[in-house]
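K.L.:
Residue numbers (the numbering used here), protein chains in the order written: chain B, 392 to 740; chain C, 392 to 740.
Among the clues, some could well be false.
List time: in silico DSS-like cross-link candidates among lysine-lysine, alpha-carbon distance up to 25 angstroms [claimed, not checked]:
#1 C/K630 <-> B/K650
#2 B/K521 <-> B/K732
#3 C/K521 <-> C/K470
#4 B/K470 <-> B/K521
#5 C/K630 <-> C/K434
#6 B/K470 <-> B/K434
#7 C/K625 <-> B/K650
#8 C/K650 <-> B/K625
#9 C/K470 <-> B/K630
#10 B/K732 <-> B/K650
#11 B/K725 <-> B/K470
#12 B/K732 <-> B/K434
Residues from chain C that keep clear of chain B, each with C-beta distances beyond 10 angstroms, as calculated [what the hints assert, rightly or not]:
#13 Q402
#14 D405
#15 K434
#16 S450
#17 G461
#18 N489
#19 Q513
#20 P561
#21 N581
#22 G594
#23 D656
#24 D691
#25 S729
#26 S730
To spell it out: a stretch of chain C is covered by chain B in this simulated footprint if at least three of its residues, at any positions, have a beta carbon under 8 angstroms from a beta carbon of chain B; those stretches are [what the hints assert, rightly or not]:
#27 568-578
#28 609-617
If you're looking for bench data, these hints aren't it; they were derived computationally from the structure. Just so it is clear, the structure is predicted and the values come from calculations on it, not from any experiment. We put the CB at the ideal spot given by N, CA and C, even for glycine.
Protein chains: 2
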Amino acid sequence: MSDNNYYTSEQHGDFEVYELGDFVLEGGETLRGATLAYTCYGKLNSQGDNAILFPVMFSGTHSAMAPYVGEGLALDPEKYFIVIPNQLGGGLSTSPHNTNGPYQAGYFPNLSIGDDVRAQNQLLTHLGVKHLQLVTGWSMGAQQTYEWAVRYPNMVERAAPIAGTAKTTPHCSLYVDVFCEALTSDPAWNNGAYKESSDVEVGLRRLSHVFAMMGVCQNFYNDELWADYGFSSKEDLLKGLWENWFLPMDPNNLLCMAKKWNSGDVSLHTNGDLSAALASITANVFVISFEQDMFISPADSMKEQQMIPRSELVSIPSPWGHFTMLGISPEDFKAIDSSLKRLLETESL
Amino acid sequence: MSDNNYYTSEQHGDFEVYELGDFVLEGGETLRGATLAYTCYGKLNSQGDNAILFPVMFSGTHSAMAPYVGEGLALDPEKYFIVIPNQLGGGLSTSPHNTNGPYQAGYFPNLSIGDDVRAQNQLLTHLGVKHLQLVTGWSMGAQQTYEWAVRYPNMVERAAPIAGTAKTTPHCSLYVDVFCEALTSDPAWNNGAYKESSDVEVGLRRLSHVFAMMGVCQNFYNDELWADYGFSSKEDLLKGLWENWFLPMDPNNLLCMAKKWNSGDVSLHTNGDLSAALASITANVFVISFEQDMFISPADSMKEQQMIPRSELVSIPSPWGHFTMLGISPEDFKAIDSSLKRLLETESL
Numbered sequence: 392m393s394d395n396n397y398y399t400s401e402q403h404g405d406f407e408v409y410e411l412g413d414f415v416l417e418g419g420e421t422l423r424g425a426t427l428a429y430t431c432y433g434k435l436n437s438q439g440d441n442a443i444l445f446p447v448m449f450s451g452t453h454s455a456m457a458p459y460v461g462e463g464l465a466l467d468p469e470k471y472f473i474v475i476p477n478q479l480g481g482g483l484s485t486s487p488h489n490t491n492g493p494y495q496a497g498y499f500p501n502l503s504i505g506d507d508v509r510a511q512n513q514l515l516t517h518l519g520v521k522h523l524q525l526v527t528g529w530s531m532g533a534q535q536t537y538e539w540a541v542r543y544p545n546m547v548e549r550a551a552p553i554a555g556t557a558k559t560t561p562h563c564s565l566y567v568d569v570f571c572e573a574l575t576s577d578p579a580w581n582n583g584a585y586k587e588s589s590d591v592e593v594g595l596r597r598l599s600h601v602f603a604m605m606g607v608c609q610n611f612y613n614d615e616l617w618a619d620y621g622f623s624s625k626e627d628l629l630k631g632l633w634e635n636w637f638l639p640m641d642p643n644n645l646l647c648m649a650k651k652w653n654s655g656d657v658s659l660h661t662n663g664d665l666s667a668a669l670a671s672i673t674a675n676v677f678v679i680s681f682e683q684d685m686f687i688s689p690a691d692s693m694k695e696q697q698m699i700p701r702s703e704l705v706s707i708p709s710p711w712g713h714f715t716m717l718g719i720s721p722e723d724f725k726a727i728d729s730s731l732k733r734l735l736e737t738e739s740l
Numbered sequence: 392m393s394d395n396n397y398y399t400s401e402q403h404g405d406f407e408v409y410e411l412g413d414f415v416l417e418g419g420e421t422l423r424g425a426t427l428a429y430t431c432y433g434k435l436n437s438q439g440d441n442a443i444l445f446p447v448m449f450s451g452t453h454s455a456m457a458p459y460v461g462e463g464l465a466l467d468p469e470k471y472f473i474v475i476p477n478q479l480g481g482g483l484s485t486s487p488h489n490t491n492g493p494y495q496a497g498y499f500p501n502l503s504i505g506d507d508v509r510a511q512n513q514l515l516t517h518l519g520v521k522h523l524q525l526v527t528g529w530s531m532g533a534q535q536t537y538e539w540a541v542r543y544p545n546m547v548e549r550a551a552p553i554a555g556t557a558k559t560t561p562h563c564s565l566y567v568d569v570f571c572e573a574l575t576s577d578p579a580w581n582n583g584a585y586k587e588s589s590d591v592e593v594g595l596r597r598l599s600h601v602f603a604m605m606g607v608c609q610n611f612y613n614d615e616l617w618a619d620y621g622f623s624s625k626e627d628l629l630k631g632l633w634e635n636w637f638l639p640m641d642p643n644n645l646l647c648m649a650k651k652w653n654s655g656d657v658s659l660h661t662n663g664d665l666s667a668a669l670a671s672i673t674a675n676v677f678v679i680s681f682e683q684d685m686f687i688s689p690a691d692s693m694k695e696q697q698m699i700p701r702s703e704l705v706s707i708p709s710p711w712g713h714f715t716m717l718g719i720s721p722e723d724f725k726a727i728d729s730s731l732k733r734l735l736e737t738e739s740l
């Protein structure tokens, strides 16, 4: 257990903690006394069927996605009971940095997207949720969304995976490897046995540069579009957005999530047949793609969307690339929110 | 001076060495006893005006570009006197790894694209070349091409910068920084004071992964296009192409070229006014862009092309992205060669 005051309600706002108990992972190991951190908005109705699940991305917590919840928005707490679960390994739930004993820090077991989704299902049952009007999430949140739609088709009416894939692509996996190498190249990482996460500052800065390079598109830099968003220079963008985001985080937590990202694959349910897995989805699906996304190309999104029976591809252009979802541009936010609204208006089977 | 038998004629084929003498760099330092390695094809005519100059890319030597020279090709040695100069710092010319004394290894002075071009001009004068029918080069070779067209407009009839810019873009510069960080993160790099370049193997492998990620487009991996080119898996591509390319090289040489890459800017001739610099070009110019290039986006190429009076944008689609120029795909090779042929057929001013 290492001290890191980033993973607190002071930094991320209040959250609830659900006791998963001794949670057996798909890899066979057991997270003893595991917890799942989450937040809720709105009220569950008596039928337990007005719920929306909104899992989070790599390195993110519920607080990053909370702006998409609000009156008049698609995720309207006046209408829906909205649950934002934090990732296992993400820092607020059971994670490398807050685990003691044999599984602590660099010895934390490998997690799968399926582990998150099973833990979330346990939480929803506990909360009385019977049916999900929508599951949506961005990036690793999209991986969880696909996993929900394939694993629990009877519970999911609608799904909107945003800028993420049902099966991690080889190029995206190379990307994950590259940013992990940027982090673990820091000798202070020491195979995960550092004392304070800030000891690995150089590695965290390097990782943030890889995100900076691949996270938004070329002309965001080349046409100085950062100036529209309050940054004074490219250097200020690197420091003020990317380094500022990653520097307070725990390297083992990041590496735990990265491994999970790399292993995402719904075709594990169908003996490796991705089209069979996606064909089994009964939800209405909007696959939301960002046109200039260098992590998940529009072609990657389209390939998967075409394997899903009741689906539509929604393509959103923005120089923010993969990070369009941050909604820093009001237009991007609106485009995403409108798509979710339109999906929520579709009739389910 | 460190031993590295990669930088030999056994590895790269025969080459000539021109003695530059005590070469004063734009940065003010002097490379004493500097040499410029080069190869020639064909014969210079008595007017000295049938020459073509074909400078090379980052980490490359004349041998990488030699396949573009041949009978029946655009760069036909039956018609033209073709000179391929190696970069200063590139390993065959004066470079960090083959320099002794105060400027050795990590203490090698910073070079500019202008230094290469001035050295090449000195070589061409020595060879009796009065006029260049064409200057063309890829990537850092394109930077040198632009520099030639701006610096010596009276000598350059035609220019074809291929997948490179007249001024390094901020995003491309971030890319260069990221791969340099991948290399220098290796503690064995030791600020350039390693004993053998192979000591920095881990850093060289990491650098090669950054190139692998950005060098070709996503679907090269995701659609397993590598299978068409004799690779047995993604891992085999990483090892057989990317790591194999960079592992024998000298880290200080690579870093020397990378700094030069980052500083490329023809607007240094016009007080920072890029459009004035490009407007001063009198050559017929084909700006050749690779549609899926992640280093140099088509938009970057087009922006510069539009500032050049007698110019045309040629866009070549290939999943090989920036590395289309390797010509591993025969179609790509043909598209590039045909464009150069067409440019050579244009009437000059």
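K.L.:
For each hint, tell me whether it holds in the structure or not.
P.N.:
Results of checking the hints against the structure:
1. C/K630 <-> B/K650: holds, 21 angstroms
2. B/K521 <-> B/K732: Judged against 25 angstroms, a Cα distance of about 21 angstroms means the pair holds.
3. C/K521 <-> C/K470: holds, 16 angstroms
4. B/K470 <-> B/K521: Holds - the C-alpha atoms of B/K521 and B/K470 are around 16 angstroms apart, at most 25 angstroms.
5. C/K630 <-> C/K434: Violated, because 40 angstroms separates the two Cα atoms, which is more than 25 angstroms.
6. B/K470 <-> B/K434: holds, 8 angstroms
7. C/K625 <-> B/K650: Judged against 25 angstroms, a Cα distance of about 18 angstroms means the pair holds.
8. C/K650 <-> B/K625: holds, 18 angstroms
9. C/K470 <-> B/K630: It is violated: about 54 angstroms lies between the C-alpha atoms, which goes past 25 angstroms.
10. B/K732 <-> B/K650: violated, 33 angstroms
11. B/K725 <-> B/K470: holds, 19 angstroms
12. B/K732 <-> B/K434: holds, 19 angstroms
13. Q402: Non-interface label on C/Q402 holds, nearest chain B Cβ at 28 angstroms vs cutoff 10 angstroms.
14. D405: holds, 37 angstroms
15. K434: Its Cβ never comes within 10 angstroms of chain B, the nearest being 43 angstroms, so this holds.
16. S450: The claim stands: C/S450 keeps its Cβ more than 10 angstroms from every Cβ of chain B (closest is about 18 angstroms).
17. G461: holds, 34 angstroms
18. N489: holds, 28 angstroms
19. Q513: holds, 34 angstroms
20. P561: violated, 4 angstroms
21. N581: C/N581 is indeed farther than 10 angstroms from all Cβ atoms of chain B, at 12 angstroms.
22. G594: C/G594 not clear of chain B: closest Cβ-Cβ about 8 angstroms, inside 10 angstroms.
23. D656: Per Cβ check, C/D656 is outside 10 angstroms of chain B; nearest 14 angstroms; holds.
24. D691: violated, 6 angstroms
25. S729: holds, 27 angstroms
26. S730: About 23 angstroms separates C/S730 from the closest Cβ of chain B, which puts it past 10 angstroms; holds.
27. 568-578: Since 7 is at least three, the answer is holds.
28. 609-617: holds (count 6)
In summary, the numbered hints that this structure violates are 5, 9, 10, 20, 22 and 24.
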